[in-house]
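Q: Each chain is listed here by its residues.
Protein chains: 2
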Amino acid sequence: MKEADNIILGIDPGTTIMGYGVIDASGKNPVMLSMGVVDLRKYKDHYQKLNYIHERVRALIEQYLPDEIAIEAPFFGKNVQSMLKLGRAQGVAIAAALSHSVPIVEYAPRKIKQAITGSGSASKEQVAGMLARTMNIDKLPNYLDATDGLAAAVCHFYQRNVPNKAKSNSWADYVKKNPGKIK
Amino acid sequence: MKEADNIILGIDPGTTIMGYGVIDASGKNPVMLSMGVVDLRKYKDHYQKLNYIHERVRALIEQYLPDEIAIEAPFFGKNVQSMLKLGRAQGVAIAAALSHSVPIVEYAPRKIKQAITGSGSASKEQVAGMLARTMNIDKLPNYLDATDGLAAAVCHFYQRNVPNKAKSNSWADYVKKNPGKIK
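For the record, the sequence lines run as chains A and B.
Numbering of the first sequence is given in this note's numbering, commencing with residue 145 and proceeding in unit increments.
Numbering of the second sequence is given in this note's numbering, commencing with residue 145 and proceeding in unit increments.
By construction, these hints were calculated from the structure, which means they are not laboratory data.
All values derive from a computational prediction rather than experimental measurement.
Don't take each hint at face value.
Pairs count within a copy or across copies, as identical chains cannot be separated in the list.
With a straight-line Cα cutoff of 30 Å, these simulated DSS-like cross-link-like pairs (lysine-lysine) come out [stated by the list, open to error]:
1) K222 <-> K172
2) K268 <-> K255
3) K268 <-> K186
4) K255 <-> K283
5) K283 <-> K268
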């Protein structure tokens, strides 16, 4: 089911709750199509979590057929163990995108906050509030991870429309430069 | 092409070179079917590397139809950045296994060295030398990452035959406990 010309799927991959948002990016302003969370707390086993992330991202891609996927990707963390786990969670989400040949772009949390609110140090609540106002969202979700996923998509919507933006070393660029090479 | 009753694929997922080894685990002693490396140095882009790891692990699974996959998984690293990258490399390899419903078991490098040589602090050369002797491998590969991948498979071969071994929190256990639940 493809309802719009241009769809962006935003993901905030976490090891406890994964947030996502889907926007129609074909117009002048982004329009929210869906947002939600994938609650991983019910799975105690690390592999169960990874399997569920992989399956849900695949399902979201198959449902919304996004043209691009924007991922919130922190590059710093508390410790090496938590970063390894986060890397794995990102890895299985990225693999779902790779196997569907959907270009991926990642943004640091600070960059996303900056793009949405104008401040890189904005709170989750401020990001959610700004999204609610600009996108006419009546009811905010219970978990702000959902708005974080949506924020990643909206951040990419703004970023890609910036002329002469700094070149990113992204999978999207690779796909564009190597047409037909990606299976 | 399935030539044996029981196949173990061993993987040492790295961000520079990924090593792998395939063994026939149906007899009393493991028999090497294949080993090699996936050289990621030719890809400068991080996503190209991840895509290549994902594709090659999928190809290995489709070629050898392993019953189990053993992964060498360090839990410590130099810094959070390198652990995030390693986690992503592990993540895309794990996703390839998940999408083929192949059980995964992971072993710490020290555990693998211990299982092969009797010493957890053995060098890569000692591990390779022991594998060469016990498995009658005439010529060792240029890169010891290949023997590291093979060592992961052989370690799992030994471990699973140990009675009353400590329970591992593995994907293999999850698959066994939840038949039909995994797609």
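Q: Next, verify each hint and record whether it holds.
A: Here's how the hints hold up against the structure:
| no. | hint | in the structure |
| --- | --- | --- |
| 1 | K222 <-> K172 | neither (39 Å within a copy, 45 Å between copies) |
| 2 | K268 <-> K255 | within (13 Å within a copy, 42 Å between copies) |
| 3 | K268 <-> K186 | within (24 Å within a copy, 40 Å between copies) |
| 4 | K255 <-> K283 | within (25 Å within a copy, 51 Å between copies) |
| 5 | K283 <-> K268 | within (15 Å within a copy, 57 Å between copies) |
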